[in-house]
Amino acid sequence: ASLKSLHLGHCVISVNIHEIRHSFAAIKEMTQSKDERTDIRILHKSYSLQNTEPMDRCCFLRRLLRFYLATVFSHYKASSPLVSRKVSSIANSFLSIKKELRLCHEVSMCHCGEDVKHKCGQILSQYEKVNHSLLSDIANACAESFSCWKQE
Amino acid sequence: DEEALLPAPQNISILSTNMKHFLTWSPVTVPGETVRYSVEFQGEYERDYANEIWIPISECSLIIVTQCNVTEDISATVAYNLRVRANLGSWSSEWSTLKVLFNRITTFLTPPMMEVSADGYHLLVKLEDLGPAFQFHVFYWRKEPNTEVHKKTVKEISSVVHLDTMEAGAEYCVKAQTYVEAINRSSNFSQMQCVRGSTWMTTA
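Listed in order, the protein sequences are those of chains A and B.
Letter by letter, the first sequence follows residues 2 to 153 in our numbering.
Letter by letter, the second sequence follows residues 515 to 718 in our numbering.
Possibly wrong hints are sitting among the right ones.
[Said to hold, decoys possible] Calculated lysine-lysine pairs in the DSBU-like style (CA-CA distance at most 35 Å, straight line):
| # | chain 1 | residue 1 | chain 2 | residue 2 |
| --- | --- | --- | --- | --- |
| 1 | B | 534 | A | 100 |
| 2 | A | 5 | B | 665 |
| 3 | B | 669 | B | 657 |
| 4 | A | 5 | B | 666 |
| 5 | A | 118 | B | 640 |
| 6 | B | 640 | B | 669 |
| 7 | B | 640 | B | 534 |
| 8 | A | 78 | A | 118 |
| 9 | A | 29 | B | 669 |
| 10 | A | 100 | B | 669 |
| 11 | B | 666 | A | 100 |
| 12 | A | 118 | A | 5 |
| 13 | A | 5 | B | 534 |
| 14 | A | 5 | A | 130 |
| 15 | B | 665 | A | 29 |
| 16 | B | 657 | A | 99 |
| 17 | A | 5 | A | 99 |
| 18 | A | 78 | A | 99 |
| 19 | A | 78 | B | 613 |
| 20 | B | 613 | A | 130 |
| 21 | B | 534 | A | 29 |
| 22 | B | 613 | A | 100 |
| 23 | B | 669 | A | 99 |
| 24 | A | 99 | B | 640 |
| 25 | B | 666 | B | 534 |
| 26 | A | 118 | A | 100 |
| 27 | B | 640 | B | 613 |
| 28 | A | 29 | A | 78 |
| 29 | A | 78 | A | 130 |
| 30 | A | 130 | A | 29 |
In short, the hints are calculated from the structure, not lab data.
Let's have the full structure, built from the sequences with the hints guiding it.
This is the structure in structure tokens:
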């Protein structure tokens, strides 16, 4: 089924993983060929959702999505009309997930611990090291964070 | 001003059925000329985070027909805006934009077409393939007082679905509805169909 239930502490949301992965798959090959820096990864495995305390996962995911929406995607320069359309698909899917998480936040189910703040700081500093206009690392990182979204 | 000379397309609207979304508009007529059209879309992300940019749909760039399949780009459950303009040579009209934003959650879901049959003692149903976004809830029961209704969820369309093993001579009835996970909505039920052994009838 295309819809996955994500259990983020007390917060449970449904995510259409199939559609997101479909869009990622379309751009992944295209973007990797332009990747100059393969030594830097924005989302190191230790920053993944799985390696985050269940009670912190909602907040971590919310901040991660905000990071992609407000920072990563806005810096990115689409290399082709198709990539631009797929990035739009991903971004709008992220936005619909973020809106679901807001509901949890509004009923105080989105606790933000120090660990999350630290991780988000690390992700941001990693991001500063890469060429913001390239999407390749994003495609990699996001594909990984989605695969680690798979229900345990 | 060249834009003012070429009128903008009118009556722009979205026709959305079973998660297939088409933008349509009325033709712009210029005697003796072939007017072409170009379509662009804008999701909620583009409005909230990306300076309200518009994204061209290459398959609907300089087209002659007055409709565009936007299904591939309406790929999230958020509000989308769409616009179209006319082109004639170097001239372009003003953009015509949807009057109301479109969210795929409002797509019209039709009751599924189905074909119920009996193969000896086996109660079978054949369902139409509506694409990967669709599941089917199939309800079936033996036609007798106080009967129990059974439900089967079909997630992937194969040729025929086996529902039950029937008792000889007993009549069984079936109805189905579609379910779209991405928008968490179901269609109305199909017409009930009943079958008995090798003969079957459709209830009006």
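Hint by hint, here is what the structure shows:
no.: 1; hint: 534(B) - 100(A); result: 24 Å, holds
no.: 2; hint: 5(A) - 665(B); result: 22 Å, holds
no.: 3; hint: 669(B) - 657(B); result: 26 Å, holds
no.: 4; hint: 5(A) - 666(B); result: 20 Å, holds
no.: 5; hint: 118(A) - 640(B); result: 53 Å, violated
no.: 6; hint: 640(B) - 669(B); result: 13 Å, holds
no.: 7; hint: 640(B) - 534(B); result: 22 Å, holds
no.: 8; hint: 78(A) - 118(A); result: 28 Å, holds
no.: 9; hint: 29(A) - 669(B); result: 28 Å, holds
no.: 10; hint: 100(A) - 669(B); result: 27 Å, holds
no.: 11; hint: 666(B) - 100(A); result: 32 Å, holds
no.: 12; hint: 118(A) - 5(A); result: 26 Å, holds
no.: 13; hint: 5(A) - 534(B); result: 22 Å, holds
no.: 14; hint: 5(A) - 130(A); result: 33 Å, holds
no.: 15; hint: 665(B) - 29(A); result: 40 Å, violated
no.: 16; hint: 657(B) - 99(A); result: 48 Å, violated
no.: 17; hint: 5(A) - 99(A); result: 15 Å, holds
no.: 18; hint: 78(A) - 99(A); result: 23 Å, holds
no.: 19; hint: 78(A) - 613(B); result: 30 Å, holds
no.: 20; hint: 613(B) - 130(A); result: 43 Å, violated
no.: 21; hint: 534(B) - 29(A); result: 26 Å, holds
no.: 22; hint: 613(B) - 100(A); result: 24 Å, holds
no.: 23; hint: 669(B) - 99(A); result: 27 Å, holds
no.: 24; hint: 99(A) - 640(B); result: 39 Å, violated
no.: 25; hint: 666(B) - 534(B); result: 25 Å, holds
no.: 26; hint: 118(A) - 100(A); result: 20 Å, holds
no.: 27; hint: 640(B) - 613(B); result: 40 Å, violated
no.: 28; hint: 29(A) - 78(A); result: 15 Å, holds
no.: 29; hint: 78(A) - 130(A); result: 17 Å, holds
no.: 30; hint: 130(A) - 29(A); result: 20 Å, holds
Checked against the numbered hints above, the structure breaks hints 5, 15, 16, 20, 24, 27 and satisfies the rest.
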